Amino acid sequence: MSGVFVGMPAFPEAARTAVADATLRSNLRHATHTIRDKRARAVAELADWVELREAGRRIKEQTLRHLDRHLLRLEESVTGAGGTVHWAADAEEANRIVADLVRATGETEVVKVKSMATQEIGLNEALAAEGIRAYETDLAELIVQLGDDRPSHILVPAIHRNRGEIRDVFRSEMGKWGRPAPDGLTDAPAELAEAARLHLREKFLRAKVGISGANFMVAETGTLVVVESEGNGRMCLTLPETLISVVGIEKVVPSWRDLEVFLQTLPRSSTAERMNPYTSMWTGTSDDDGPSAFHLVLLDAGRTDVLADETGRQALRCIRCSACLNVCPVYERAGGHAYGSVYPGPIGAILTPQLRGTASGIDASLPYASSLCGACYEVCPVAIDIPEVLVHLRERIVERGGPGHRRERATMKAAGWVLDHPSLLAAGERLATRTRALHPRNPPGARAWTESRDLPELPAEPFRDWWRKNRT
Amino acid sequence: MRVALFVTCLNDAVFPKTAVATVRLLERLGVQVDFPSGQTCCGQPLFTTGYRARAAPLVRRTVRAFEGYEYVVTPSGSCAAMVRTHYGRFGPEAAELGPRTYELTEFLVDVLGVTDVGAYFPYKVTYHPSCHGLRLLGLGDRPRRLLGAVKGLELVELPGAEECCGFGGTFAVKNPDVSAAMDADKVRSAVSTGGDVLCGADSSCLMHLGGMLRRLSAPLRELHLAEILAGTEEDPWREESGR
Numbered sequence: 001m002s003g004v005f006v007g008m009p010a011f012p013e014a015a016r017t018a019v020a021d022a023t024l025r026s027n028l029r030h031a032t033h034t035i036r037d038k039r040a041r042a043v044a045e046l047a048d049w050v051e052l053r054e055a056g057r058r059i060k061e062q063t064l065r066h067l068d069r070h071l072l073r074l075e076e077s078v079t080g081a082g083g084t085v086h087w088a089a090d091a092e093e094a095n096r097i098v099a100d101l102v103r104a105t106g107e108t109e110v111v112k113v114k115s116m117a118t119q120e121i122g123l124n125e126a127l128a129a130e131g132i133r134a135y136e137t138d139l140a141e142l143i144v145q146l147g148d149d150r151p152s153h154i155l156v157p158a159i160h161r162n163r164g165e166i167r168d169v170f171r172s173e174m175g176k177w178g179r180p181a182p183d184g185l186t187d188a189p190a191e192l193a194e195a196a197r198l199h200l201r202e203k204f205l206r207a208k209v210g211i212s213g214a215n216f217m218v219a220e221t222g223t224l225v226v227v228e229s230e231g232n233g234r235m236c237l238t239l240p241e242t243l244i245s246v247v248g249i250e251k252v253v254p255s256w257r258d259l260e261v262f263l264q265t266l267p268r269s270s271t272a273e274r275m276n277p278y279t280s281m282w283t284g285t286s287d288d289d290g291p292s293a294f295h296l297v298l299l300d301a302g303r304t305d306v307l308a309d310e311t312g313r314q315a316l317r318c319i320r321c322s323a324c325l326n327v328c329p330v331y332e333r334a335g336g337h338a339y340g341s342v343y344p345g346p347i348g349a350i351l352t353p354q355l356r357g358t359a360s361g362i363d364a365s366l367p368y369a370s371s372l373c374g375a376c377y378e379v380c381p382v383a384i385d386i387p388e389v390l391v392h393l394r395e396r397i398v399e400r401g402g403p404g405h406r407r408e409r410a411t412m413k414a415a416g417w418v419l420d421h422p423s424l425l426a427a428g429e430r431l432a433t434r435t436r437a438l439h440p441r442n443p444p445g446a447r448a449w450t451e452s453r454d455l456p457e458l459p460a461e462p463f464r465d466w467w468r469k470n471r472t
Numbered sequence: 001m002r003v004a005l006f007v008t009c010l011n012d013a014v015f016p017k018t019a020v021a022t023v024r025l026l027e028r029l030g031v032q033v034d035f036p037s038g039q040t041c042c043g044q045p046l047f048t049t050g051y052r053a054r055a056a057p058l059v060r061r062t063v064r065a066f067e068g069y070e071y072v073v074t075p076s077g078s079c080a081a082m083v084r085t086h087y088g089r090f091g092p093e094a095a096e097l098g099p100r101t102y103e104l105t106e107f108l109v110d111v112l113g114v115t116d117v118g119a120y121f122p123y124k125v126t127y128h129p130s131c132h133g134l135r136l137l138g139l140g141d142r143p144r145r146l147l148g149a150v151k152g153l154e155l156v157e158l159p160g161a162e163e164c165c166g167f168g169g170t171f172a173v174k175n176p177d178v179s180a181a182m183d184a185d186k187v188r189s190a191v192s193t194g195g196d197v198l199c200g201a202d203s204s205c206l207m208h209l210g211g212m213l214r215r216l217s218a219p220l221r222e223l224h225l226a227e228i229l230a231g232t233e234e235d236p237w238r239e240e241s242g243r
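Top to bottom, those sequences are chains U and D.
My numbering applies: residue 1 is where the first sequence begins, and numbers increase by one.
My numbering applies: residue 1 is where the second sequence begins, and numbers increase by one.
Just so you know, the hints here were simulated from the structure itself, not pulled from any lab data.
In this text the structure is predicted, and so the values were computed from the model without any measurement.
Don't be surprised by glycine CBs; every beta carbon is placed ideally from N, CA and C.
All clues stand as given, with none of them false.
Heads up, incomplete: computed chain D residues facing chain U, CB under 7 Å, no partners named:
#1 V14
#2 G38
#3 G166
#4 A180
#5 M182
#6 M212
#7 R214
Covered stretches of chain U (in silico footprint by chain D; criterion: 3 or more residues with CB under 8 Å from a CB of chain D, positions within the stretch not fixed):
#8 367-379
#9 463-472
All chains, full assembly: derive it from the sequences and hints.
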């Protein structure tokens, strides 16, 4: 995955900084609660939501089971429609393919549709190293790019920024990338959007190469689908002469019938819209309209490894709606940057350690970045049991045994042993309750709790003793 | 009717008042309560932290302890959820305990068919539905219906009730800052109700909330639902009863 996040501290340390940032907390609270409530209302409107969710789960599960067949069919359809299909085993290979394709056009700049896959592989940085400038055209991605920032949300990557901060970024940075912000720009949303429109328009009209991802790929016809709500995607997908789409292999669906399910569940889950505003679909190339060259780069980058894990593979069902981020109490307080990946929130906590492995401190800490409250599973439109996968990944980390887990393993072993010997447990409880007056309020080893919360006082006697005296 | 009390390790060691209240409440409703002494911990803290192999002996022990009981009743949504939703991963014998295990409010409402248990509690109460009871067991409005029938009790809605209190077992110490921020927000929300008591049906969440209530010197106290339901006009709940 992208090198942008390399060297991030583990989740608890990164979250500590975020929790202490009052502006960030307020921005995130406002944004997540607004979208969370809107989503709940949009979903409640559908009488068949439960069936749609189950259909989405089943379609994805069955497609992933025979992924090889669906991908070969997709390749055949795309090729038949005039496109070229490239297979990329990892990020490096995908970046090289895209850079070579852009260089072959003789161009040194490209316009981009918001895409998680290209973020994941760090495409913009790889292109920059080849002397190619990539312009993000989604409003929030533009804010992130201009501000030399990192995305903190899958759908609204600048969710951590408020209007005033965005105005400041536009004023100081737009001129360095192209058309400067209008004089006297205020933080009124309409003015900010207009400034972005004017700035981006010249890029859309000039660009000869467009780069996108895709929300879905329909195998039966070789059609790619991008779902967006600003119209920038439509510009990037139709105006350039060459279109390059980098798409994770899990994005394939067999048929248009399958697609229909997700076009109902995705907008309601992500932006709380009944119908998505701009849904662009294209099949290869056509002679008189749109790009004359189309390249599809199919990206593995760890996905087949995820597929091999019976419990973990459900993460590949994800349609990147972000509903799990918006309901997550941990995300709301820690913010997206703490997850050290382009995939933050609950889905990131199960996807990142599977795609990147758990060797680094941040990746090994992600499966623990959840209270297992289950709100994410409840809203997921493809029923990914995120808490189940989190526990599964915790098991994997424990089995592989990092040095940080040595003391924990010893504690768990001791706890497991005592709890399997009731008479020993009873003796321990009795001793603890009888000596309660002697217990310190902040015992060493309990600081993580007592720093912010009081410990409960122990009772005069455990329940076992009360029972023995009163009921036997 | 005879039931086995699945007391939970936390209630046994730290919150015996909750356990005693559960016994008294059930006995008052004509239920004969057994306490199989072989029980210790259901294994949840080990299992959810990633120590499945260490949890396995505790799962076997729990299954053995409650062998032969048609009804196993526990004043904890979280421990009931562990048995019902996760025991299946430990084999068919363990899975079989799930359908016989009832969280207290389920047992009262679904099995005994009562919502008015004859309780008396003259205070203003707000209720926090813990995540596992809410989402894994689907307790719905059972706890509120029980509270609503308590004589003298004024039930006030808790804003953002369905949000987690931030306990999450080892999460509370592995991610102390986020956990405490969630805890503090929940406590502020409870304070905003103007209630006297923050009621819950899970001692682990109540321990977490209580720790923050006292740290912030908040003007309300936490109390397990069982303790509220155990009090009557003849023998009302008292601050130090059971101690």
